[in-house]
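Peer 1: Oh and the sequence shown: position 72 is 72 in the UniProt record's numbering, straight run, nothing missing.
Just so you know, the hints here were simulated from the structure itself, not pulled from any lab data.
You may find that some hints are simply not true.
In silico DSS-like pairs for lysine-lysine, Cα to Cα no more than 25 Å straight-line [as the list claims (entries may be wrong)]:
1. K149 to K162
2. K95 to K149
3. K99 to K57
4. K51 to K25
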Amino acid sequence: MFDMFFPDEYVASTYVIPFEELYEKGYRGVLFDIDNTLVPHGAPADERAKKLFARLKEIGFSCCLISNNQEPRVKMFNEEIQVPYIYNAHKPSTKNYRKAMELMGTDEKNSLFVGDQLFTDVFGAKRAGMHNILVKPMHPKEEIQIVLKRYLERIVLHFYKKKQNKPTLK
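Turn these sequences into a full structure, and let the hints guide you.
Peer 2: Shown next as structure tokens:
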């Protein structure tokens, strides 16, 4: 019932994702949400985010930021990162996931998405046919509409975790 919202992977943080392994598996593009995925809500790019993007570029990844925020927020974060970005993306609409892949010169088979929300980030990436990685939100401070969605996310994650622990039939 909730499968359409289940992430392909669920990890504690963007900063523990083994990007080198993903590159070896053939991924070439990474789309990122910003708030609570890379930095706390509203924060500029910190040293950890700057190092991550330098590392990704060194590995050979193309990157793109895709955010439902307005341009001033996304542009401010990107000042130190310098990757293509899409603001006011209307996630989970697939239009801007596809536009991001076009900007990176990748497609749904060799791109992946990293974000912290099930109903926008993961659902949109799944609908676009992309591998997706859900990360735990970095900071509890969030806008009220996101706080409300987090209650529903807990229900979906309960069933996701339950499914993950199910023994497989052989």
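Peer 1: Each hint should be assessed against the structure and marked as holding or not.
Peer 2: Do the hints match the structure? See the list:
As the CA atoms of K149 and K162 are separated by approximately 20 Å, the hinted pair is consistent with the 25 Å bound. Between K95 and K149 the alpha-carbon distance is near 22 Å, which keeps this suggested pair within the 25 Å criterion. Our distance criterion of 25 Å between C-alpha atoms is met by K99 and K57, whose separation comes to about 20 Å. The straight-line distance between the Cα atoms of K51 and K25 is roughly 22 Å, inside the 25 Å bound, and the hint therefore holds.
Of the numbered hints given earlier, the model fails none.
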